[in-house]
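**Student:** Residue numbers (this note's numbering), protein chains in the order written: chain A, 85 to 389; chain B, 0 to 359.
Among the hints, a few may not be true.
[What the hints assert, rightly or not] Pairs of lysine-lysine residues, derived as DSS-like cross-links and limited to a Cα-Cα distance of at most 27 Å, are as follows:
| id | chain 1 | residue 1 | chain 2 | residue 2 |
| --- | --- | --- | --- | --- |
| 1 | A | Lys282 | B | Lys281 |
| 2 | B | Lys208 | B | Lys281 |
| 3 | B | Lys106 | A | Lys282 |
Bear in mind the hints are in silico, worked out from the structure with no lab data behind them.
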Amino acid sequence: MIENTKSLDRTANVILAVGVLYILFPLVITLVTATQSFESFLQNGFSFIPGTYLLENIQIVWETTQLPRQLLNSIIVATMVALIKCGIAFTTAFAIVYFRIRYGGILFGMVLVTNLMPLDLRFITTYQVAANIMMPVNALLDFFGITYIVQTLTGYRMNFQVSVLNTYFGLAAPLLANGTGTFLFRQYFRTLPADLSKAARMDGAGPMRFLWDILIPLSRANFAALFVLMFLGGWTSYLWPLVAASTPEMQTAVVGLARLSPGDPGQIPHYPAIMTGALMVSVIPLAMIALMQRHIVRGLTLTEK
Amino acid sequence: MQPASIAAEIALDAVEKSFGNTPVIPPLSATLGAGEFTVVLGPSGCGKSTLLNMIAGLEPVSAGRIRIDGQEVQDWEPKDRGCAMVFQNYALYPHMTVAENIGYALKVAGIARAERQQRVEGAARVVQLGDLLDRRPGQLSGGQRQRVAIARAIVREPRVLLFDEPLSNLDAKLRHGMRMELSHLHRRIGATSVFVTHDQVEAMTLADKVLILNEGRIEQFGTPHEIYHFPASLFVAGFIGAPAMNLIEVEGDGTALRLPDGTALAGSAHRGRAVLGIRPEKLRIAEDGLPATIVYREDLGSHAVLVVRLGSGQEINVSTPLGGDTVAADQLSLHLPEAHVHLFDPASGQRLNVTQGQVR
Ligand SMILES: Nc1ncnc2c1ncn2[C@@H]1O[C@H](COP(=O)(O)OP(=O)(O)OP(=O)(O)O)[C@@H](O)[C@H]1O
Ligand SMILES: [Mg+2]
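Let the hints inform the model, and build the full structure from the sequences given.
**Tutor:** Right under this line is the structure:
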């Protein structure tokens, strides 16, 4: 800071403190409520005095709801999203930066455009395709008259049906489709000295060898950052998993959490259990951020010291 | 490391390069002798790096042939050409130690660990890096990094060593030291070397032969001595030497070369317009010569450089040994020794006087 007076420092600290309180308040409510018994909650409502019932509440959630199974679903889906995304993003960026592709710029532009078309916008189409991923193939066969020809020749009407609804792949695939990761890797590759790939070629390393021996080790921080971002994205997404999984066994934890509050409006919800569920759902992403914090920052700043 | 007896001749035969529709190098032919140290010198953007990359195989030729040791290599992969390269900004692998950097090519080539280590240590010793083998590039100074890059190039015992402005990221003092080391290294290793630079001091001091490139064309290809004393064109004359050669437009009448106002500068049988070149240190201060007014003087300690104005208004540089009796005066008169006068065609820029008698 340019000015370094005490009063300014103090003001800054107060503003920061207010901000921190504002952010922490709901978390504290969640945490405290999760430690209370249903009875004391019914008597006192929300309070700031922690109780001693956390373990019991965890037991209730663990034994009477689908949340454990749904946590597993979330882990599987979020990991799939993160891993596949890292793989696709890295390889596409590699192709765009290190090969002279005709129309490479246009291709990269199209990759970026995916960011302007979020899943929420193409929700219904996505659902239709997920309900039958052969739909585009059927449409193409129709369009070129192949369906008609085959039908007149053999009497068989081609209409393929493959649904990925209610599968892990169906849950993960639409969440993968955006260009953020490709952009991240592309920008990072462009900060690397251009002579690096030339030096590797002079040393006799082909493209795959260069990718494996040099690019991947140098991109570790970017992998970590993208993995965490995509994992969190997969973990917290709500709308798509809500419609793509129709049975509780296939739903993700965030969807399951919302289902913990009873449908019957007259009933008082078991808030301590719900808050415990919320804690359980948050623990994994929190732990991930805590562990990877350093890498995330390094992976997103794009410049190596 | 033993001196390599494997140095190879590089023959460029009508090599051409264009990027898309932009021609960068028109057909270019030259032969770089086996074991010679050739410096490619030219202004920025003239295609030096492009030429080097084509020899290395990093950039395909648009047309023409490249022969190394008699074999046509223009369609070969870089690793098969037996070339190694040192880059301007080192291009070391940041995540590998110095030893791993030097040994990477050997590792890719599948050479056993024991031999690899031995050769890495050998190469490191040549460039005096012995005790830094476990460091990472980030922990080294610029000079040390460039040594690693050189060790990485020589560890494969290449037939051809290519350098792309390897010293331009170093400070002046270090550059001088590295220049000497490179010169010694070349004598020890003996590989054919091609060294790209836009620093004429590097070119004059390191080269067996200098290839001067201008917009992709060879202006002159000769020894540093030839380049300096017999510049083949106006471009070379103006490019080599500091302060630059004086270039004066003159008219020859068959007996003398005259300024537009008729003042005779030097005797010559040339007729017609020409550009007269004379190096600042070759101008003599004489009793009855060309009158000139001193405009500015720079005392550089070892010598002085005077900027003087001729009667025609043109300003030229004169180098004089310090302490000459002219230093205090405002006026002096100059003599242009005929043996040191260069004549160029004003239209084509080509040299006109081809007499070989005017050495030194
Ligand atoms: N990949 C490329 N695509 C298009 N033009 C290029 C490419 N690489 C180089 N050029 C052009 O070719 C010309 C020669 O470039 P080159 O890098 O060989 O110059 P140079 O002599 O090495 O210059 P410098 O001293 O600045 O390194 C320049 O005009 C440059 O713009
Ligand atoms: Mg260059």
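**Student:** Decide if the proposed pair is consistent with the structure: Lys106 of chain B and Lys282 of chain A, CA atoms, cutoff 27 Å inclusive.
**Tutor:** 17 Å, holds
**Student:** Check the hint pairing Lys208 of chain B with Lys281 of chain B against an upper bound of 27 Å on the C-alpha distance.
**Tutor:** Given pair Lys208 of chain B, Lys281 of chain B holds - Cα atoms ~24 Å apart, limit 27 Å.
**Student:** Tell me if the straight-line CA distance from Lys282 of chain A to Lys281 of chain B falls inside 27 Å.
**Tutor:** 46 Å, violated
The structure fails hint 1 only (numbered hints given earlier).
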